[in-house]
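Chain B: place on chain A using the hints.
First to last, the protein sequences are chains A and B. Okay, so the first sequence: first residue is 269 according to the numbering used here, each after it adds one. Okay, so the second sequence: first residue is 21 according to the numbering used here, each after it adds one.
Don't take every hint at face value.
Computed list of lysine-lysine pairs in DSS-like fashion (alpha-carbon distance at most 30 Å, straight line) [what the hints assert, rightly or not]:
#, chain 1, residue 1, chain 2, residue 2
1, B, 64, B, 75
2, A, 391, B, 162
3, B, 181, A, 424
Don't read these hints as lab results, they were simulated from the structure.
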Amino acid sequence: MANSSGMLKKIRLAALAAIAVLAAGYGVFMLGAARQSNLGLPGAVKIGAPFELTRMDGSHFSSKALAGKPYAIFFGFTNCPDICPTTLLEMTEHLQALGPKANDLNVLFVTVDPTRDTAEHLKLYLSAFDPRIIGLTGTPDEIKAVAKSYHVYYEKVPSTDGSDYTMNHTASVYLMDKDSNLVSTLSFQEPQEARQTKLENLLKG
Amino acid sequence: MLKTSKTLKTSLSLALAVAGATLFLQPSIARAADIIVGDLVISKPWTRVTPPGAKVAGGFVTITNNGKAADRLIGGTAEIAGHMEIHEMTMDGGIMKMHEVAGGLEIKPGETVELKPGSYHVMFMDLKAAPVEGTPVKGTLKFKNAGETKLAYDVAPLGAKSAGDMDHGKMDNGANDMKQMQDHKHGQ
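Bound-form chain A, shown alone:
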C-alpha cells in the first residue's frame, strides 16, 4: 500500500515534469510564431523597385511619379469573383473615409492577368470604384518584373476542361512610405478599423 502510493507520487511527478517541458516548448514555439507573424518592418529585404507600366487610359506610367508621397499597391485581376472586387471596394471606402487626406496617397492596382486586362478593360472595371485608384497593366514581362520586386506571387490555374483559367495571387496590399519603403501591409482578413488606422499612420509619415 505504501509502495503503491510512492509509485503514484513518482508517476504524478513525472507527469508534472512532462507537462512543464511541453509548456515551455509550446511557449518557445509561440514566441517564434509571434515573431514570424510580426509584419512590422522587413529589415534587410527591399520590397519594390522602380517600374514602368501602362495606365488604364493607355498612357505611360513611371514609378518616378510616386516620389514624395506614400502609396498603396496591390495586385489582382478582373476575372476574380471575390477578393479583388472586395479589396477594391474596401480601398474605395478607406479613401472616402480619409477625405481630402486621401489626395496625399497614391493607390495602385496592378493586374496579374495583362493578357485579358487591357487598359481599356481595366478602365471599365475600375469605374465602379474610387477614381483615385490607378489601374495599371503592361506586357507580361513588365508585370512579371513588378510582381517579382514586390515579392508578389501569381500563377494561372486552368479550368478542368482547359477552356478558361483563373489566377492565384498574393492578396496583400503593400503600404509604402514617401521614399518607397515598405511600412506595413493590409489584409482583407483584418478588421476595417485596423486597416484604416494603418492608412492614417502611413499618411502621418
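Just chain B now, with coordinates in the frame of chain A:
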C-alpha cells in the same frame, strides 16, 4: 344602424386592404422559401453586383443534408453565365488560391455547408449579363444523388459579404455616400 353598418363596412374593407397589402408586400420582405430536393434543404441563394465588364461572379447558398448518405454538389447552370463551376477559395500565407472542387462539393449526412465569400462558391463564368440588384438570377444546382433543382439567387450590392449585407462597409467614422444604406444594418 345603417351608419354602424357603414362604419363596420369601412373598417372591414380597410382591414382587408391592410391584410391584402401585407400579403402583397410579403414576398419582397421575406427571404425566398427553402428549396427541398431529396434529402437536401437549400436556403439563402444569393449573389452580388459585379464591377462593369466583369466576366465572373460568385454565387452563394446554404445546403443542409438531412439524409443518411453523403451527397455531392456536382454542377448546375445560371442563366447569366456561359458555364458554372464549383470553386473553393483559400488563403495560404497571404496568397489567394482559387480552384475547382474536384468531384464536386461533399455534403455529409446531418451537415450544413455554407457557400460564402472567401470560401466555397459557385462560380458563374463567361457572364452573358451582369447581376442586377433586385432581379434574382435564375439557375439550377445539380446533386449526385438528389438530382437537379431550380433556384433563384437574390442579388446583393457590389462587395456584399452576406446575403443581407446592405452595408458591407461597416464604416461609421467616415461621411460617405454609403450612409443612406445604413438603416439596413445587420450584425455580422
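Hint check:
1. 64/B to 75/B: This hinted pair holds, its Cα atoms lying about 23 Å apart.
2. 391/A to 162/B: 37 Å, violated
3. 181/B to 424/A: 26 Å, holds
In this structure, the one hint that does not hold is number 2.
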